[in-house]
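Asker: Sequence:
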Amino acid sequence: MSVKPEPASALFAGPFALATLSAPDGPAFPALVTPDARVTDLRTALGDPGASVRGLLEDWDAVLPRLRALASEGGAVRLPLADFRVHAPVEPRQVFQSGANYRQHVIDLHVAHRAPGDDRPESERRAEAAEIMDRRAAEDLPYVFIGLPSAITGPYDDVVLPAWAEQPDWELELAAVIGRPAHRVTPEEAPAHIAGYTIANDLTDRATVFRRDMPQIGTDWLRSKNAPGFTPLGPWIVPSESLADPDDLRVRLRLNGETMQDESTKDMIFTVARMVAHASQTARLLPGDLVLTGSPAGNGMHWGRLLRDGDIMEGTITGLGTQRTRCVAEAAS
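When the letters of the sequence shown are read in order and numbered with our numbering, they come out as residues 134 to 466.
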């Protein structure tokens, strides 16, 4: 089952976005979507019956001008978006995730987890944490790790909470979508390799982040982050050229209508360009790959309220639209 998107006057910033859609009982296909909720099937428009969004990103320099032209053409065949199911906008080969990248979030964690015997006032400990964050931004590297494409699900699909997940939590994030291969690029070069942006909710089971049987080994991201459906993605890929500044977008998550996360990407310790550049120093980033940029303050652990059966998560990022997913407890075997 899935939760239908709510109608909106403009779905996203700019004249068009990319999506992966399907008609009832039909195959998924790449689509150009306009802000008035109309759809053009790109298999027909581009004359490629086997087209996919990832395939378009692999030829981004040639495809982008054609998409611009299609969006401005009055004669393009456009159908109502409401007639189609919206899937995750792209199937990436690689997913790069990151943590501890929002200044206020990390400061809150630093203050909340004070050392035994540290009786200094909160204002002093908060000032200390802010100084650490400034130093980290200037001198340190982003914290990037690997996620699995199999964890991705659609922006309106139900999210199954595994029976073993004791503390499932939300993490709304801005995701950069790679459009040109990137290897060992600089932060100045990185934006040219980003085709566009989308929304990701990088769910985490907090109880399994650290191995209880092997605490000295560190984090277990396979177990805690990669259950099927733990990364709702989309609904759209909005081209980079349609966003004035990815480092100043509002990231907001509501749980059952109540705002839990509400922060600007301006609060990121490392900018999007620095995140992409850092990941590229080791890996070769490929068209369609995702670089998730971390989640702001306001996770479930902060509120003392984790995800439960029936919860509705609604995630919005400026210019990128809204995803809306329902949590469903895994049926007992």
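Derived from the structure by calculation, the hints contain no laboratory data. All C-beta atoms, glycine included, are put in the ideal place defined by N, C-alpha and C. Any given hint might turn out to be false.
[To be verified] For each label pair, taking beta carbons as the anchor points, the in silico distance ranges come out as:
| id | residue 1 | residue 2 | range |
| --- | --- | --- | --- |
| 1 | 383 | 459 | 22 to 28 Å |
| 2 | 191 | 437 | 43 to 49 Å |
| 3 | 191 | 345 | 41 to 47 Å |
| 4 | 321 | 435 | 56 to 62 Å |
| 5 | 237 | 350 | 27 to 33 Å |
| 6 | 389 | 181 | 40 to 46 Å |
| 7 | 213 | 355 | 16 to 22 Å |
| 8 | 352 | 216 | 41 to 47 Å |
| 9 | 181 | 442 | 41 to 47 Å |
| 10 | 300 | 206 | 48 to 54 Å |
| 11 | 416 | 350 | 21 to 27 Å |
| 12 | 192 | 463 | 37 to 43 Å |
| 13 | 216 | 300 | 19 to 25 Å |
| 14 | 160 | 443 | 19 to 25 Å |
Asker: Could you run down the list of hints and mark each one as holding or not?
Answerer: Tested hints:
{"no.": "1", "hint": "383 - 459: 22 to 28 Å", "in the structure": "holds, 23 Å"}
{"no.": "2", "hint": "191 - 437: 43 to 49 Å", "in the structure": "holds, 45 Å"}
{"no.": "3", "hint": "191 - 345: 41 to 47 Å", "in the structure": "holds, 42 Å"}
{"no.": "4", "hint": "321 - 435: 56 to 62 Å", "in the structure": "violated, 35 Å"}
{"no.": "5", "hint": "237 - 350: 27 to 33 Å", "in the structure": "holds, 29 Å"}
{"no.": "6", "hint": "389 - 181: 40 to 46 Å", "in the structure": "holds, 42 Å"}
{"no.": "7", "hint": "213 - 355: 16 to 22 Å", "in the structure": "violated, 41 Å"}
{"no.": "8", "hint": "352 - 216: 41 to 47 Å", "in the structure": "holds, 43 Å"}
{"no.": "9", "hint": "181 - 442: 41 to 47 Å", "in the structure": "holds, 42 Å"}
{"no.": "10", "hint": "300 - 206: 48 to 54 Å", "in the structure": "holds, 50 Å"}
{"no.": "11", "hint": "416 - 350: 21 to 27 Å", "in the structure": "holds, 22 Å"}
{"no.": "12", "hint": "192 - 463: 37 to 43 Å", "in the structure": "holds, 40 Å"}
{"no.": "13", "hint": "216 - 300: 19 to 25 Å", "in the structure": "violated, 39 Å"}
{"no.": "14", "hint": "160 - 443: 19 to 25 Å", "in the structure": "violated, 31 Å"}
The structure does not agree with the numbered hints 4, 7, 13 and 14 stated previously, though it agrees with the rest.
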